[in-house]
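Peer 1: Keeping their order, the protein sequence lines are chains A and B. For the first sequence, the working numbering begins at 1 and goes up steadily by one. For the second sequence, the working numbering begins at 1001 and goes up steadily by one.
For the record, the hints were derived by calculation from the structure and aren't laboratory data. Bear in mind the structure is a predicted one, so any value in this text is a computation, not a measurement. Ideal Cβ positions, reconstructed from N, Cα and C, are used throughout, including at glycine. Incorrect hints may have been included.
Unchecked claim - Which chain A residues face chain B? A few, computed with CB under 10 Å, are given here: (1) 57; (2) 70; (3) 78; (4) 85; (5) 98; (6) 100; (7) 101; (8) 149.
Said to hold, decoys possible - Sample of chain B residues lacking proximity to chain A, with all beta carbon distances greater than 12 Å (derived): (9) 1079; (10) 1106; (11) 1189; (12) 1191; (13) 1196; (14) 1200; (15) 1243; (16) 1276; (17) 1286; (18) 1291; (19) 1295.
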Amino acid sequence: MIELENISVKFGGVIALDTVSARFEKPISGIIGPNGAGKTTMMNVISGFLQSSGQLLFDGEDLTRLSPHGRARWGLRRSFQREQLADDLSVVDNLKVLLDSLPGARAEKQNDLDRVLEITGLTGRADTLATDLNTYERRLTDVARCLIGSPRLVMFDEPAGGLGAEETDRLGDLILRISELTGALTLVIDHDVDLIKRICAQTLVLDFGRQIAFGETKTVLQDAKVRSAYLGLAEEVG
Amino acid sequence: MRMTQSGAVGLALAALAIAFLPMTVGSQWVRIFTSTTCFAVAAAGVGLMYARLNMVSLAQVGLMGVGGWVLLRMNHGLALPFEANLAVAALVTAIFGMVLALPALRMRGLYLALITLMAAGGIEIVLSTFRFPNGGEGFWGVMPSVAAPFRRPVLAESDPAYLRYALIVAVFCMLIIEAHRRTAPGRAWAMIRRSEAAAMASGVNATLYKAWAFALSGLLAGLAGGLLAGSIGLLDAATFRASESIMLFALAVVGGARYWLGAVIAAVLYRVLPALFNDWGIDPDLVLIIFGAALLHAIITAPDGLAGQIMSTLKWRRQ
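Using the sequences provided together with the hints, build the complete structure.
Peer 2: Encoded structure:
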């Protein structure tokens, strides 16, 4: 379970996050909101890239004492809005960057790599340079990186961005399997409300840095404030 | 570790150079090629920073001066063998490079270039003020006119043997860089170059790996400076001007910072071309015009430098 308690972030005079509190208990949860709502800021706070006030706990453990790379070693995995792969490294070397920082025997790490490549269907592309991958394969490599080691919390920032409907569905299926495969808790940020509705049991809705709703996804998406903020329409979202 | 085709060609060329170059050229050219070898090692350090981390370091020639100073001081002050002095010079310069990196670790691009250039300027002033030790009395050890005798490696006392020795050290340096590129540091540097945030999200301690790159680049500069001191026996502060660091960086870009061949091309342009001009009775300063044109060419049409162009031409011919 990840607990956010009164998380606030200020950039000069701008309040990017304003006392946001949520408790994500389900295997997959979502964070949605219009552009500039503070979704990525929240992800950056959890990753340790931004200082915030408030508390950030995972199963009661205070994550704020860890550096960003320390959080990755602890088991935090995340993707970015644009896939961040080193283009001159192969798929397998991109995954090894994370493995290099984790303890364990070489054989054990190789088994982990093989397992992750098989899950993501990238085995045949393992030695391909990242620059030669298509958008979907790059996304898959990002997901593969999130499965490496023993992840405890996995965060995706708009994983379906730039993908077609079929690829989004396949990626959604893969994300749905993450907690079953690794036991990790998953947080997904996306504009695609259909995807959020399909895969997330709980959803936090942000608007202008403020929390406007949090709870079961179905209930949240029917909330009048969410409908108004998200689409500017008095209709059910999604 | 699998050897690439270009790696095999490089090692074969190096073996040929080690075997035949010292025997086939005259004494003046032996000294020029020794100095070229030293600058190839230093250029490889600049290339490492630029190609692997996209960081511009303009202190490399200044750091060579630090390595040269330490080696001369050790040589004249202690009775240690040349190899021990060279190792200490390289380590001291690596530490110096890492200390220099500390304020620069949060900077990139122009700001980092300026900080390193200021450091190079500082080193230039210190070297000009206190001069290189030459076996005189006291800690600074500078005599007004003559220099004390200089000890070279036991197996490389003659100039041709010393060129061979320098070439072997240079090959060793290129192999160290290649070993880094293929293992965890190389992967971490590639990810830092892509995005520091993504690197940290992948568990990479970006500060540590950047400091490591500075230290490795400093180590190479220290070895280069130490080898140069061993070649000449007495160094001159004018060799280590801050402007020379800018020149070496520009030539590393022209040569191709990503490749070992790029460092060799950079050093050949830097040392051999002016000597050739001199031999032909042409003003050596005219090479600056060629360097300028080559830099423009590299920036506009060859981001991987001349070495990149050679490598892609060879690849295309093979296909």
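Peer 1: State for each hint whether it applies.
Peer 2: Hint-by-hint comparison with the structure:
1. 57: Given a least distance of 20 Å, the restraint on residue 57 of chain A is violated.
2. 70: holds, 8 Å
3. 78: Because about 5 Å separates residue 78 of chain A from the closest Cβ in chain B, which is inside the 10 Å limit, the hint holds.
4. 85: holds, 7 Å
5. 98: Since chain B brings a Cβ to about 4 Å from residue 98 of chain A, closer than 10 Å, the hint holds.
6. 100: Holds, about 4 Å.
7. 101: holds, 3 Å
8. 149: holds, 8 Å
9. 1079: Label holds. Min Cβ-Cβ 43 Å, cutoff 12 Å.
10. 1106: holds, 14 Å
11. 1189: Given that some Cβ of chain A is not farther than 12 Å from that of residue 1189 of chain B, nearest at about 9 Å, it is violated.
12. 1191: Label violated. Min Cβ-Cβ 5 Å, cutoff 12 Å.
13. 1196: Its Cβ does come within 12 Å of chain A, the nearest being 9 Å, so this is violated.
14. 1200: violated, 4 Å
15. 1243: holds, 32 Å
16. 1276: holds, 35 Å
17. 1286: Residue 1286 of chain B is indeed farther than 12 Å from all Cβ atoms of chain A, at 37 Å.
18. 1291: holds, 27 Å
19. 1295: Residue 1295 of chain B clear of chain A: closest Cβ-Cβ about 23 Å, beyond 12 Å.
Of the hints listed earlier, those the structure fails to meet are numbers 1, 11, 12, 13 and 14, in rising order.
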